[in-house]
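Trainee: Protein chains in written order, with numbering that gives the first Met the number 0: chain A, 0 to 309; chain B, 0 to 227; chain C, 0 to 227.
Don't take each hint at face value.
[As the list claims (entries may be wrong)] Think about it this way: if two alpha-carbon atoms lie no more than 16 Å apart in a straight line, the pair counts; the simulated EDC-like pairs of lysine to aspartate or glutamate are:
hint : chain 1 : residue 1 : chain 2 : residue 2
1    : A       : LYS181    : C       : GLU130
2    : A       : LYS181    : C       : ASP111
3    : A       : LYS181    : C       : ASP52
4    : A       : LYS181    : C       : GLU35
[Claimed, not checked] Some, not all, of what chain B presents toward chain A, calculated at C-beta under 10 Å:
hint : residue
5    : LEU6
6    : GLN88
7    : TYR103
8    : LEU170
9    : ILE173
Note that these hints are calculated values from the structure, not bench results. Cβ atoms here follow ideal geometry from the backbone N, Cα and C, with glycine treated the same way.
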Amino acid sequence: MSSSNEPAVAPSATVAEIAVALPVASSQHELPFAVINGEAYNELPSDLYIPPDALEVILEAFEGPLDLLLYLIRRQNLDILAINVADITQQYMTYVDMMTTMRFELAAEYLVMAAMLMEIKSRMLLPRPPAAEEEAGEDPRTALIRRLQQYERFKTAAEDMDQLPRMGRDLYQASADAPDRKLTRSLPQVDLTELLAALADVFKRADMFENHQVEKERLSTRERMIQVLDMLSHRQFVPFVSLLKVEEGRLGVIVTFLAVLELIKESLVELVQNERFGQIHIRVAGGENQHTDTTESAELNGQPVELVVD
Amino acid sequence: MYIAPELLRRIVEGALLAANQPLSEDRLLSLIDAAERPQKSELRIALQQIAADCSGHGFELREVASGWRFQVSEDLAPWVNRLWEEKPQRYSRAALETLAIIAYRQPITRGDIEEIRGVAVSSQIIRSLTERGWTKVVGQRDVPGKPSLFATTRDFLDYFNLRSLDQLPPLADIRDIESVGQSLEESGGVTTAENTQPMAEGLSTEPESGVVREAEAEVDGEVDQAEK
Amino acid sequence: MYIAPELLRRIVEGALLAANQPLSEDRLLSLIDAAERPQKSELRIALQQIAADCSGHGFELREVASGWRFQVSEDLAPWVNRLWEEKPQRYSRAALETLAIIAYRQPITRGDIEEIRGVAVSSQIIRSLTERGWTKVVGQRDVPGKPSLFATTRDFLDYFNLRSLDQLPPLADIRDIESVGQSLEESGGVTTAENTQPMAEGLSTEPESGVVREAEAEVDGEVDQAEK
């Protein structure tokens with residue numbers, strides 16, 4: 000074959016050139032496989048190298064038999080409604096043959112379409128009695144046209160959709176840093192009953208381990224203990240009598256006294272007396288490590304001597 | 000008692016920018032204490048004003064299916080795109096066609112899609128559209144095999160910058176099959192593919208031709224069907 | 000030759016809003032073709048103008064360590080943060096137990112609490128109660144290690160609407176949880192912050208009217224709901 004002497008043609012041919020060249024003839028007769036430099040080929044030259052990938056690309060460019068048919072119709076600048084079934088069938092078959100020749104794994108749909116085209120073609124060639132025509136119902140060609148039209152409108156819709164501005168390609172969500180969430184974090188809400196239930200649970204649990212006797216607490220004493228500690232946290236020495244408030248009456252004095260006793264018992268405070276029958280001062284326990292401080296302030300208060308009463 | 004209009008505008012702006020996703024009008028209103036919460040009409044006025052304020056800026060306010068969002072203006076894409084190394088994802092024709100068929104013909108089964116496309120639809124395509132959050136199964140058709148019915152999602156509309164399905168480009172019309180005989184005589188009749196482009200353009204400006212109106216009617220019918 | 004100032008402003012706005020992270024000035028300039036790329040000084044002018052344009056809006060332009068970014072104005076946090084409003088958090092059982100033990104046994108060390116509860120008390124719990132302003136350190140016990148002594152605060156009393164710790168139900172009653180509700184009723188309804196106000200008012204004005212009783216019933220209802 001002469002073409003074998005023109006190595007430049009096929010190997011260097013671009014995919015597009017092959018695609019255009021392949022179905023070029025619309026002759027009713029033997030359809031050449033390809034026309035290269037005006038020369039028609041009816042079969043693949045045995046020594047012609049078309050990279051299999053290239054052909055696959057061409058064939059994969061078609062989204063099925065309807066797409067291929069549409070392509071063939073458009074190539075002839077024809078309206079779908081004006082297709083010449085015989086022509087199109089022939090061209091279609093050329094493609095299908097080519098796919099087979101290339102051992103391209105042919106989707107079954109292509110063969111179904113081929114059969115349908117053949118059927119339409121044969122029906123149009125064979126004259127039928129008018130009665131039979133009525134029974135036949137819809138013209139198979141009409142059905143094919145309808146499918147082609149249907150497919151084409153969605154094919155176009157897909158193309159249109161691809162043109163729509165799209166997030167991440169043409170548009171971006173505009174965002175800015177949100178305010179610090181800590182600014183408005185809502186705090187847990189607690190109901191007093193919840194708190195008491197939690198405490199009751201603790202007791203229940205504790206009861207399981209030990210037969211602990213929980214005495215009736217004097218909360219007022221506890222509270223007074225905290226008040227005393229609070230007072231001491233600001234000053235080193237506080238005169239004991241200053242804790243006793245006349246307006247609280249006898250009960251208040253007792254509560255304070257009990258609170259101080261309890262604090263002493265728990266080694267939280269110490270009583271300090273600088274001389275016999277002198278004023279009793281109270282201070283936070285463990286003042287030794289703040290000894291200098293304590294002494295200084297004591298000196299400032301005019302109580303240089305300290306006596307620890309346990 | 001209503002919140003001051005200026006504060007309302009600022010809250011809406013702040014919320015839309017902080018949210019990083021569209022917010023519905025109800026959601027926006029829910030940010031304001033019931034005692035001060037304005038009417039929806041006041042919110043709309045605020046939104047209009049915000050939209051107007053965007054003019055001349057690099058962003059705009061847009062209503063899409065799931066609400067309002069600020070978005071970067073489309074004409075800035077050439078520059079803004081350089082922020083990212085990767086090119087935005089492209090979708091295969093098969094995927095786009097499948098998506099388009101679902102969008103215009105929902106709810107629809109895979110079999111229906113295959114019928115229209117003339118080829119099998121790979122599960123891979125269906126899966127990736129679903130994973131992307133663009134399509135979802137909305138039920139089963141009551142026929143043997145109970146095939147799943149697919150529909151598009153709100154995210155799909157958001158992604159394509161649409162408020163509702165009827166904002167999709169109109170489907171080309173199908174000419175009456177009865178005219179086939181006639182058309183056979185005519186040569187080089189106007190093809191459907193050729194007239195779709197002007198249609199899309201026509202919609203964005205003024206639908207003046209009869210063709211466009213036909214197309215719109217067609218689409219409305221389709222979408223109505225889809226919504227049922 | 001430089002890009003037009005208005006376009007530059009729009010590109011910067013668009014890029015900063017799209018980027019979702021701060022962008023440095025170099026990065027911003029890199030978005031523009033070298034041929035049109037302005038001087039940094041021009042970019043700064045653009046940034047200044049953008050910042051100025053933000054005034055009165057719900058967002059502002061800020062320069063942070065890694066560059067420029069838009070951020071939602073902080074004064075809008077009360078509204079904008081509702082976008083993420085979580086269900087009000089709840090304190091863990093361990094936290095409630097710890098708080099209750101501190102309330103009844105103050106001043107108390109962490110070790111004491113652990114002994115009563117039979118399990119370790121995490122620092123996290125102590126910290127959160129202190130941050131909440133309900134507990135405080137009132138001293139150290141004079142034993143090796145000088146453990147902190149915890150007590151409840153005035154805020155704690157205020158929150159639970161107690162005048163003093165005396166108003167807490169006696170421990171003995173709490174041992175029998177069934178009686179808790181009762182003892183609360185006896186002590187004059189010292190339950191939650193919400194319910195005492197109306198009650199107190201009702202009582203101080205018309206202690207005998209049916210209105211008061213209605214109010215009480217309603218309050219009880221609220222408390223029940225809150226408990227669920």
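Trainee: Now tell me if each hint is right for this structure.
Mentor: Hint by hint, here is what the structure shows:
no. : hint                : verdict
1   : A:LYS181 x C:GLU130 : 13 Å, holds
2   : A:LYS181 x C:ASP111 : 33 Å, violated
3   : A:LYS181 x C:ASP52  : 28 Å, violated
4   : A:LYS181 x C:GLU35  : 43 Å, violated
5   : LEU6                : 15 Å, violated
6   : GLN88               : 8 Å, holds
7   : TYR103              : 6 Å, holds
8   : LEU170              : 5 Å, holds
9   : ILE173              : 5 Å, holds
Hint compliance for this structure: hints 2, 3, 4 and 5 are not met, and every other hint is.
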